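Take the sequence shown: its letter number 5 is residue -9 in the working numbering, and every next letter is one higher.
To be clear, the hints were calculated from the coordinates, so they are not data collected in a lab. Everything numeric in this text was worked out from a predicted model, so none of it was measured. Watch out, some of these pointers could steer you wrong.
To be verified - Below, simulated SDA-like cross-link-like pairs (lysine to any residue); rule was C-alpha separation at most 25 Å, straight line:
{"id": "1", "residue 1": "10", "residue 2": "28"}
{"id": "2", "residue 1": "10", "residue 2": "20"}
{"id": "3", "residue 1": "10", "residue 2": "-6"}
{"id": "4", "residue 1": "10", "residue 2": "23"}
{"id": "5", "residue 1": "10", "residue 2": "-1"}
{"id": "6", "residue 1": "10", "residue 2": "-5"}
{"id": "7", "residue 1": "10", "residue 2": "22"}
{"id": "8", "residue 1": "10", "residue 2": "0"}
{"id": "9", "residue 1": "10", "residue 2": "21"}
{"id": "10", "residue 1": "10", "residue 2": "-3"}
{"id": "11", "residue 1": "10", "residue 2": "-4"}
Claimed, not checked - Cβ pair distances, simulated, as ranges:
{"id": "12", "residue 1": "-11", "residue 2": "19", "range": "29 to 35 Å"}
{"id": "13", "residue 1": "-13", "residue 2": "8", "range": "29 to 35 Å"}
{"id": "14", "residue 1": "30", "residue 2": "-2", "range": "16 to 22 Å"}
{"id": "15", "residue 1": "14", "residue 2": "-6", "range": "16 to 22 Å"}
{"id": "16", "residue 1": "32", "residue 2": "7", "range": "15 to 21 Å"}
{"id": "17", "residue 1": "23", "residue 2": "-13", "range": "33 to 39 Å"}
{"id": "18", "residue 1": "-3", "residue 2": "32", "range": "17 to 23 Å"}
We treat Cβ as the ideally placed atom computed from N, Cα and C, and that holds for glycine.
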Amino acid sequence: MVLAVDSLSYDLAVFLAGIALYYKTPFMTAPPIMLALWVYLLDIYV
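Make a model of the complete structure from these sequences and hints.
Written out as structure tokens, the structure is:
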């Protein structure tokens, strides 16, 4: 279950970062970073 959350969250983070780069909007870089950090903390907890 944790592996599924990891893969979906990291894919979503990369997708959101790609959108932020495509539209050249710096304020859209924070959500992917926070999502990746949340998944990292979930991995440490489990």
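| task | Hints the structure violates: just list their numbers, smallest first. | result | Hints 1, 12, 16 and 17 contradicted; others consistent.
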